[in-house]
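Enquirer: Let the sequences and hints guide you as you build the complete structure.
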Amino acid sequence: MPTPLSSKKRMVVTILLLFSTFISLASQTMMITALTAIEHSLNIPLTSVQWLTTGYILIVGVVMPLSSNLYEKFSNRQVFLSTISLFIIGSLLGAFASSFSILLLARLLQACAGGILMSFQMTAMITIYPPEKRGTVLGMSGLVIAFGPAIGPTISGIILHFFTWQYLFILVLPFMLLILVVSCLTFPNFSQPQKIKIDLLSVFLSLFGSGMALASLTVLQQNILLGIILLLGGLFLLFIFTRRQLHLKKPMLRVQLFKLRSFCLLTLIGMLAFMVLIGTEQLVPIFAENVLGLSSLQSGLILLPGAILNALFAALAGRYYDLHGPKLLLTVGVALMLIATVPFLLMNAHTPVWIITFAYLVRMIGNSLVFSPAMSEAFKDVPPLYVSHASALNNSLRQVAAAVSTTLMIVLADLPRSLVAGSHLAISFTVILLLLTEFLFLRYAAYTQK
1 MPTPLSSKKR
11 MVVTILLLFS
21 TFISLASQTM
31 MITALTAIEH
41 SLNIPLTSVQ
51 WLTTGYILIV
61 GVVMPLSSNL
71 YEKFSNRQVF
81 LSTISLFIIG
91 SLLGAFASSF
101 SILLLARLLQ
111 ACAGGILMSF
121 QMTAMITIYP
131 PEKRGTVLGM
141 SGLVIAFGPA
151 IGPTISGIIL
161 HFFTWQYLFI
171 LVLPFMLLIL
181 VVSCLTFPNF
191 SQPQKIKIDL
201 LSVFLSLFGS
211 GMALASLTVL
221 QQNILLGIIL
231 LLGGLFLLFI
241 FTRRQLHLKK
251 PMLRVQLFKL
261 RSFCLLTLIG
271 MLAFMVLIGT
281 EQLVPIFAEN
291 VLGLSSLQSG
301 LILLPGAILN
311 ALFAALAGRY
321 YDLHGPKLLL
331 TVGVALMLIA
341 TVPFLLMNAH
351 TPVWIITFAY
361 LVRMIGNSLV
371 FSPAMSEAFK
381 DVPPLYVSHA
391 SALNNSLRQV
401 AAAVSTTLMI
411 VLADLPRSLV
421 AGSHLAISFT
431 VILLLLTEFL
441 FLRYAAYTQK
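FYI, the UniProt record's numbering numbers position 354 of the sequence shown as 354, with every residue one higher than the one before it.
If you're looking for bench data, these hints aren't it; they were derived computationally from the structure. All C-beta atoms in this analysis are idealised placements derived from N, C-alpha and C, irrespective of residue type, glycine included. Possibly wrong hints are sitting among the right ones.
Unchecked claim - Simulated pairs of lysine to aspartate or glutamate, DMTMM-like, Cα-Cα distance not exceeding 25 Å: (1) K259 - D381; (2) K133 - E72; (3) K249 - D381.
As the list claims (entries may be wrong) - Computed Cβ-Cβ distance ranges for the label pairs, DEER-style: (4) S98 - Q298: 24 to 32 Å; (5) N43 - R243: 29 to 37 Å; (6) D381 - L185: 36 to 44 Å; (7) L42 - S295: 15 to 23 Å; (8) L312 - V431: 20 to 28 Å.
Expert: What follows is the structure, encoded as C-alpha cells:
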C-alpha cells in the first residue's frame with residue numbers, strides 16, 4: 001500500500017532517483033570516447049562498434065513510451081528496484097564481455113533500464129512534490145538530464161587514460177549496487193498499482209514504429225534507399241499507433257495531452273534545446289581531436305567547465321522559475337546560445353583551445369536557462385492522473401530529438417571536404433534550431449497573455 005512521505009523520505013527518494021538517473025545518462029555517452037579502443041580490442045570495424053551508442057539511443061527511444069504503463073500497472077518500488085537490477089545485470093555483462101555480441105547485449109540491457117528510469121524519475125519527482133515546488137524539482141531533474149550526458153565523455157576520457165574499456169562498466173557497478181541496497185532498505189511505496197490491461201497491438205506499433213524510425217537515421221548514412229524505406233515504414237506505424245490511442249478508452253499513451261498548448265509548445269522547445277545541447281556536445285570533441293589534434297582526454301576536458309556550469313545554472317533556473325516564471329530565462333538563454341555561436345562559426349585549426357572552451361561554456365549556460373524552465377512549464381497544466389503519460393511523451397520525443405541531432409550534425413560535418421567548413425555548417429544548423437526555439441516561445445508568450 002502507498003504511504004505518505006515525510007520530508008526526510010522525500011529527500012531520500014530524490015537523492016536515489018537523481019543519482020541513479022545521472023549514472024545511467026553518463027553511461028550513455030561514456031561509450032563515445034571508447035569506440036576506437038573497442039574497435040582495436042575486439043578487432044571489428046568502426047561501423048559495427050558504433051551500434052554500442054546508436055543501439056543505446058534506439059532502445060531508450062523504444063522503451064520510453066512503455067514506461068507509463070509500467071508506472072500504472074506496478075508499484076513505484078517494484079519498478080525502481082527492477083530497473084536498477086536490470087542496469088546492474090547489463091553492467092556485469094559488459095564488464096566481462098569477451099565478444100562484441102555480448103558487449104552489445106550488455107549495452108542494450110543498460111539502455112532498457114535507462115529508458116525506463118529517465119521517465120520514472122520525472123514522474124516520481126512530480127508526484128511526491130507539491131506544484132509550487134515543481135520548478136525547483138524539475139530544475140534538479142533537468143540538471144541531471146543535461147549534466148549526465150555532458151560529463152560522460154569527460155569521465156570516460158579519464159578512465160580510458162588509466163584503464164581498459166571494461167572499466168567503463170566495472171566502475172559503475174559499486175555505485176549502482178549501493179543504490180540497490182539502500183533502495184531495498186529505504187525506498188518507500190507511494191503509488192497505487194491499477195488493474196490496467198496493456199493493449200498488445202499498441203505495444204507492437206510503438207516498438208516497431210519508433211524502432212524503425214530511429215534505426216533509419218543510422219541506416220541512411222550507409223544506404224539511402226533502405227533508410228528511407230525504414231523511415232517511411234516507421235512513421236506509418238507511428239501514425240496508426242497515434243490514431244489508435246485517440247480511440248482507446250485506456251490508451252497506452254495519452255497523446256491527447258498535446259491538445260494542451262503549454263505541454264505541446266514547451267515540449268517542442270525542450271526538444272530543440274536538447275538538440276542544440278547534444279549536437280554541440282557531439283561536434284566539439286570531433287573538431288578538437290581531428291582538427292586541433294587533441295587526445296580524447298583533452299577533448300573531454302574542454303567540455304567539463306560547460307557541463308559543470310550547465311548543472312549549476314539548471315538548478316538556479318529551476319528556483320528562479322518557481323518565483324518569476326519562464327519568460328526572462330528563455331529570452332536570456334536563447335540570446336546567450338546565439339552569442340556563443342559566433343566563435344564556433346569562426347573556429348579553425350589555429351583557434352586557441354580556451355576560446356572553444358569558453359564558447360561551449362556560454363552555450364551550456366544558455367541551454368540550461370532554456371531547457372530547465374521549459375520542462376517545468378510543459379507540465380504546468382497536465383492533470384496529476386496523467387503525469388506518467390506526459391513524462392513518457394516528453395522523454396520519448398526528447399530522445400528522438402537527440403538521435404536526429406546526433407545524426408544530422410555528423411552528416412553536415414562530413415558534407416564539405418574540410419572538417420572546418422563542415423563544423424561551421426553543422427553549427428549553422430543549430431542557429432536555425434535556436435531561431436525556431438525563439439519563435440515557439442513568442443507564440444507561447446502571446447498565448448499566455450490572452
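Enquirer: For the range 20 to 28 Å, tell me whether the beta carbons of L312 and V431 fit it or not.
Expert: 25 Å, holds
Enquirer: Is 15 to 23 Å respected by the C-beta to C-beta distance linking L42 and S295?
Expert: 21 Å, holds
Enquirer: Hinted pair, alpha-carbon criterion (25 Å max): K249, D381. Please report holds or violated.
Expert: 21 Å, holds
Enquirer: Holds or violated: K259 and D381, Cα atoms, limit 25 Å.
Expert: Holds. K259 to D381 sits at ~11 Å (cutoff 25 Å).
Enquirer: Taking 36 to 44 Å as the stated bounds, is the beta-carbon spacing between D381 and L185 within them?
Expert: About 37 Å separates the Cβ atoms of D381 and L185, which means 36 to 44 Å holds.
Enquirer: How does the Cβ-Cβ distance of S98 and Q298 compare with 24 to 32 Å: does it lie in that range?
Expert: Because 31 Å falls inside the window, the suggested range holds.
Enquirer: Given the hint that K133 pairs with E72, test it: the Cα-Cα distance must not exceed 25 Å.
Expert: 24 Å, holds
Enquirer: Could you tell me whether the CB distance from N43 to R243 stays inside 29 to 37 Å?
Expert: 47 Å, violated
Hint violations for this structure: number 5 only, all remaining hints satisfied.
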